[in-house]
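If you're matching them up, the sequences are chains R and Z in order.
Going by my numbering, the first residue of the first sequence is number 1, and it counts up by one from there.
Going by my numbering, the first residue of the second sequence is number 1, and it counts up by one from there.
Accuracy of the hints is not assured; some may be wrong.
[As the list claims (entries may be wrong)] Chain R is faced by these chain Z residues, among others (derived, beta-carbon under 7 Å):
| # | residue |
| --- | --- |
| 1 | I25 |
| 2 | A40 |
| 3 | Q71 |
[Claimed, not checked] Think about it this way: if two alpha-carbon atoms lie no more than 30 Å apart in a straight line, the pair counts; the simulated DSBU-like pairs of lysine-lysine are:
| # | chain 1 | residue 1 | chain 2 | residue 2 |
| --- | --- | --- | --- | --- |
| 4 | Z | K54 | R | K405 |
| 5 | Z | K37 | R | K44 |
| 6 | Z | K54 | R | K81 |
| 7 | Z | K53 | R | K405 |
| 8 | Z | K54 | R | K397 |
| 9 | Z | K53 | R | K81 |
| 10 | R | K397 | Z | K53 |
Hints are computed from structural coordinates only; laboratory data are not their basis.
Yeah, the Cβ is synthetic: ideal placement off N, Cα and C, and Gly gets one too.
What follows is each chain in one-letter form.
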Amino acid sequence: MSEAIGKRPSRVGIWLLGRMLSRRKNYGFFGDMEELYAYQREEKGRVRADLWFWAQILRTIPHYLLDSCYWSWIMFQNYFKVTFRSLKRHKVYSFINFAGLAVGMACCILILTYVHWELSYDRYHEKSDRIFRLAVNGDINDRAFNIACINNPPGPYLAREWPEVEAAARIRPRYRCAVTFEDKHFFEEGVMWADASIFQVFSFPLKTGVPATALKNPYTAVITASMALKYFRGEDPINRVLRIDDQADYIITAVMEDVPENSHFAFDILLSNETRYVNNKALMDRWMGDFNNYTYILLRPGVDPAELEARFPALIDRQMGKILNAIGGNITYILQPLTAIHLHSRLEGEIAPVSDIAYVYIFSCVAVIILLLACINFMNLATARSANRAREVGMRKVHGAVRSKLVRQFLGESMIYSYASLVLALLLVEAVLPLFRSLSEKQLHIPYFELGWLIPSLLGLAFLVGLAAGSYPAFYLARFQPSHVLKSGFAEGRRKSRFRQVLVTFQFAVSTVLIIGTAVILSQVTYMKTKSLGFDKERVIVVRITNDQMQDALEPIQQEMRMVPGVLSVAKSSHVPGWGARRNVCLPEGFSPDESVMMGIIGVDADFIPALGIELASGRSFSNEFPSDPDKSVLINETAARRFGWDEPLGKQIQELDDRMALKTVVGVIKDYHFISLHNTIEPLLITHTRDDNEALIIKLGPGDLPAVLGNLQAKWESIVPGLPFDHYFLDQEFADQYRAEERLSRIFAYFSLLAIFIACLGLFGMAAYTAERRTKELGIRKVLGASTGRLVLMLNRELAALVILANLAAWPLVYWFARHWLEDFAYRTPLNLSIFLLCALAVFAIGILTVSFQSIRAAHADPVDSLKYEEGTVPQFAYWGWPVSVQPRKA
Amino acid sequence: MAELTRFEEQILLSIWRLKDEAYGISVYRHIRDLTGKDLAIGGIYFPLERLVKKGFLEAQKGEPTPVRGGQSKRYYRLTELGAEELIRSKKIQDAFWKGLPPLEYAMRDTQ
Chain R
1 MSEAIGKRPS RVGIWLLGRM LSRRKNYGFF GDMEELYAYQ REEKGRVRAD
51 LWFWAQILRT IPHYLLDSCY WSWIMFQNYF KVTFRSLKRH KVYSFINFAG
101 LAVGMACCIL ILTYVHWELS YDRYHEKSDR IFRLAVNGDI NDRAFNIACI
151 NNPPGPYLAR EWPEVEAAAR IRPRYRCAVT FEDKHFFEEG VMWADASIFQ
201 VFSFPLKTGV PATALKNPYT AVITASMALK YFRGEDPINR VLRIDDQADY
251 IITAVMEDVP ENSHFAFDIL LSNETRYVNN KALMDRWMGD FNNYTYILLR
301 PGVDPAELEA RFPALIDRQM GKILNAIGGN ITYILQPLTA IHLHSRLEGE
351 IAPVSDIAYV YIFSCVAVII LLLACINFMN LATARSANRA REVGMRKVHG
401 AVRSKLVRQF LGESMIYSYA SLVLALLLVE AVLPLFRSLS EKQLHIPYFE
451 LGWLIPSLLG LAFLVGLAAG SYPAFYLARF QPSHVLKSGF AEGRRKSRFR
501 QVLVTFQFAV STVLIIGTAV ILSQVTYMKT KSLGFDKERV IVVRITNDQM
551 QDALEPIQQE MRMVPGVLSV AKSSHVPGWG ARRNVCLPEG FSPDESVMMG
601 IIGVDADFIP ALGIELASGR SFSNEFPSDP DKSVLINETA ARRFGWDEPL
651 GKQIQELDDR MALKTVVGVI KDYHFISLHN TIEPLLITHT RDDNEALIIK
701 LGPGDLPAVL GNLQAKWESI VPGLPFDHYF LDQEFADQYR AEERLSRIFA
751 YFSLLAIFIA CLGLFGMAAY TAERRTKELG IRKVLGASTG RLVLMLNREL
801 AALVILANLA AWPLVYWFAR HWLEDFAYRT PLNLSIFLLC ALAVFAIGIL
851 TVSFQSIRAA HADPVDSLKY EEGTVPQFAY WGWPVSVQPR KA
Chain Z
1 MAELTRFEEQ ILLSIWRLKD EAYGISVYRH IRDLTGKDLA IGGIYFPLER
51 LVKKGFLEAQ KGEPTPVRGG QSKRYYRLTE LGAEELIRSK KIQDAFWKGL
101 PPLEYAMRDT Q
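Build out the structure end to end from the sequences listed, making use of the hints.
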C-alpha cells in the first residue's frame, strides 16, 4: 500500500478529466481516480494500471456527452418556449422574418439549381476531360475570325497520323430535312451527319445496336428513342428505312437514348458521314473549303493539348499554305475543352447558341445578395426590437446565465427561424419550379437524391443563414447589463440605429442596382425589337425550299401564289434576313488580289428588293427588263461602297474570288439593312441575281384577312407539290425570336429584382413599424401640443426617405459600370441615358415611401390618449393592422 | 418532477446503505458488485452530481489521504428530499408488485 503513494496516473489523463468535469468543481473524482489507480498498480503492475486508467477515461466520454445534453435539453425546452412565445406575440415581425428568409432561400436554391445546370453541360461524357473541339481562328486580309466549325479532313487525319489523338468525330448539321417513313413525313431540325467514331468519343448510350458498327457504312442512320417512338410507335426500328429529303434512303442501325438537355449540341437523327464520301469524295478530301464540320478529338490520357496546338501551324502550312498565301490569309486551329464550350466559347458559327460564364457569375451574385438581404432584415429587426427582449436578458443574467449561454440561446433562436424557413423555402421552390422552368427555358429539376451532397448542403445553407442573421443580434443582446436594463428601462443609443440605417441603405442600394439592371436589359431588348432593320418585316411569310422537288416546282408555285388575292409579291432568294449570308472573298475593281475583301453574298431575284421594301441609295434594282442581270449585274450595300472607298460605285466591277464567278458590274447601291441580327454589325454585302440556288420563297402580303390568305396559299402549295408540308414562318416573329436569350435574361432578372425589392420592403416595413412604436409617446405629446397628422407623417418618413435617396446615389455608379460592360457586347445598343436611372430611382423611392407611410400614417393618426398610455415593451394598439391585437394591461 | 431513473435509484440506495462510507469508489464498487455490470467509473459521477444538484444528495469533503495524491474524498449523504423520492419510487414499485403471485411459480405453471 505504501509503495503506491506518489505513483500518480498520467498528467494528460488528469487534464482530460479536468476538461470534462471542469464545469463542476468536483475534485472527488480526481482523488477517487488516483486511489483506484494506486490499487490497480499495486495489484496488476504499471502497464495494466495505465491501460485501465485510459480505458476509464475513454469510457467516461459518452457519459460526459450525455450529461451535457441532459442539462442543455432542459434549457433548450425553455428557449423553445420563449422563441414560440415571442413568435406568437409579434406576428408581423415573425411573418417578416419568415417570409424574407424563405423567399431569399427559395431564390437562392432556384438560382443555384440554374447555375449547377449551366455548369453541368457536357460533363456526362465519361471522357469529357479528354475531349476537345477543333476550331479555327485567323484572318484573311486583316479581317479576323474565330469559327467553331472547320474543314473536312483534319479530324480523320489527326486520328490516323497523330498517335496522341485516340479518336476524332465530326458532326455536321443538315438543319432542316424532310424525313419520311411510309406515310409519315415530318420536317426534322435535328438531323446531322456524323462519323462512326462519335460513339467512341462521346458517351451516348445505345438502346439497341452496336456502337462500333452503327454508322460505319454509307446510308446508315442512328435515331434517338423519341424519334423511334415518333416514326415507329414501339415497333423495332432496326433495319427499317428512312427517306431523307426525298433523295436517299438510310437504314437504321441503332437506337440511342435522347441526347441529354445539358449538351451544347443536340440531334435526333444521325446520318453516316461515309455517305458523303460516297457522294463527293473530292470535297471530303479537300483541305481548303467547306468549313462546316464540328470536329471533336479524344486525346490519349496525359496528352497536353497546348503541345498539340503548337504543332498545328506546320500542318496547316503543309496542307493549305499555298492557297492561304495566295489570298493573303493566315489561319490556325485551336483546341477547346469540351466542358468549356457552353460557358466559355465565344466563336462564330456555334452549332447552337451558347451561354456565357458571366451570367453564371451574375446569377450566383444575385442569389447571394438576395439571401443577404433577407439576413439583414432579420438582423435589423432583431436588434431594433431588442428592447422587447432586454428584460428577458436581464432576468436570465440575474438568474445566472452567462453571456455565452445567452449568445447560444439567441443564435439557436435564429437557427429555428432559419430551418423553419428552409422548409418553407423548399415548398416555395416546388411551387414555383414550373414557372421557373418556363422562365429559364430549361428542364430544371432539383436533384435532392441524385446529388448526395445536396441535402447536407441545404442544411448547411440554413445553418449559415442562421449564423449570419443571428450572430450580430445574439452578441448585441447578450451584452446587456442586467442592472441597466432592469432598473432604468431600455434606452438605445443613436449609434446603434446608425448601424441599422447603413444596413437598410445597403438593402435599397442592392435593390436599386437590380431594378435599374433589369430596366437596362429590357430597354435593350425593346430597342432591338423595334429598331428599324432597313427592311419591312411586317406581313412577310417565308417558305423554306428544302428539296429538289420543291426547287423544280418553284416557278409555277411563284406564279400561282402571285394570283392569290392579298399577296403583293413573291420573291425567291438564297438567304432571308436573319439567316445571314454566304461568305467569300471578293475582289473589287482597283484592288490587287492580295487586298481582296471578305463579303457576305446572297442571291435574289428581281422581286426581292421591292418585296422587303429595301431602299436604294443610288442606281437601280434588278429587273426582268434586263435579261443580262443574272450574269452581269450585282448590287452592293452602302457599307461595301464605303469599304471600297467608292464615291461613285455605279459601273464599277467586282469579282468573287472563285473560279466559278465572272466579273460583274455594280448597277445599284442599296441602303444598309440588317441581314443577320442586331447582335452583328452590318458587313459589306454583295447581292447577285440568281436563277437557281434558291432556299426560300418570300411572300409579301397586303393588309387583309391573314388566315384566309394563308389558307389559299397552302391550297395552292398542295395542288402543285402534294405531300410536301407547307413549311412557313412569319419574318417578324422569327426576328423577335433572335432576341430570346436577352428576353429570357430580362425576365429572370425582372423576377429576381422584384423579389429583392420585396424583401427589402419587408425589412423597411418592419423598421417603420418599429420606429413608430418606439416613438409612440413622443408622437402623442407632439399631437397634444398641436402637431398635425401630416407633419407627423412627414417627420416619420423623412429619415427613411433620406436612406432611400442615399441608396440610390450609391447604386448608380455601380449599375452604370455594369450596364456599360453588358451593352458593349451588342453592335447596336440602346443609349444609356439618365431617364432610366431617374425613373427606376423614382420607382424605388415611391415603393419605399409607400411602405413607410403605411406605418407612419397609422402612427400619426393614433389617438394621443392611447399613445400616452403606452408602455415600452407592450404592444401598441395601432402597430398591427389586420392581426389580432393584444394590449397588455398595465399592472397597477 | 421527473421520476428517478433506475440508475439514480441504485445510486441513492447504495448511498443509504453505505452511510458514512459513501464516496465515489465505494458507491461504484457497490453498484458494480450488485448489478454485475462493468460500468465506467466516470459514469457514476455525472449522475451523482446531478442528484446533488437536484437536492437529493448532499456532498461533504472528507480528509485528504496520501494515496489520493493529497486530495480529499467527497462523501455523499442522502437528504430528506432524496429519501422522500426513494420512498415515492418504492411505493410505485410496490404498487405494481402488490398481489401478484410470485413470478417464479407462475411461469412454471404456464409451461
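So, going through the hints one by one against the coordinates:
no., hint, result
1, I25, "holds, 5 Å"
2, A40, "holds, 3 Å"
3, Q71, "holds, 4 Å"
4, Z:K54 with R:K405, "holds, 21 Å"
5, Z:K37 with R:K44, "holds, 21 Å"
6, Z:K54 with R:K81, "holds, 22 Å"
7, Z:K53 with R:K405, "holds, 19 Å"
8, Z:K54 with R:K397, "holds, 21 Å"
9, Z:K53 with R:K81, "holds, 23 Å"
10, R:K397 with Z:K53, "holds, 20 Å"
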